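Count along the sequence shown from 1, add 373, and you get the number used in my numbering.
Worth flagging that the hints you see were computed from the coordinates, not collected in a lab.
Here the structure is a predicted model, which is why all the values come from computation and not from measurement.
Just so you know, not all the hints are guaranteed correct.
Taking lysine-lysine and the DSS-like style, the derived pairs with C-alpha atoms no more than 30 Å apart in a straight line are [what the hints assert, rightly or not]:
# : residue 1 : residue 2
1 : K469      : K393
2 : K440      : K463
3 : K393      : K440
4 : K440      : K428
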Amino acid sequence: MENQLITQAGLNQMSAVVNKVFLTENIHTIYDELILNNAENHQKIIKSLVGKMDKDKRFDTIDAHIKQKIALTGLACLSDVIKTYDLTRKKNFLQKQNKQVMDLFLKNYDQKLENLKQEIKKNKDDFLALKNNVDNMSLGQLANQINEFHNPNATTEVTSQDVDDLLNGGTLEF
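Build out the structure end to end from the sequences listed, making use of the hints.
The following block contains the structure:
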């Protein structure tokens, strides 16, 4: 969809998605402000629901006080349903986000593990090469090679004098 004009249908679809997200994020707040916390609207809705029950023959045997309690219970249930829906939506979003973070962590972990495996393989190959060439190296060359393996960033070099000192009972610092 890169470098393409947005059609009216595409714009309508994007607007519908934006509106749906807005409503689902704010429906419980809107419901609370317009119905639960607004006494005038609350009473209008109760009267409307009781009026609908008055017109329905199934509610003929129920008195007005009980009808009002049914309407109040219905509004309370609706509030709980809306809040439950909002919590479920947030939970699903967090689960998706958690999965993405976990996938990213595992991907990075796998990459680091692969890098360590490669480093171990390289060190093993270097050690085997050193082991095979040890007979052809002088003691100074061997010490320098070990120094390089031990700390590749250091530039210390073992001299012939260091080797002679070692052979005469001294120590050799790596």
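Subject >> Those earlier numbered hints the structure runs against, lowest number first >> reply: 2, 3
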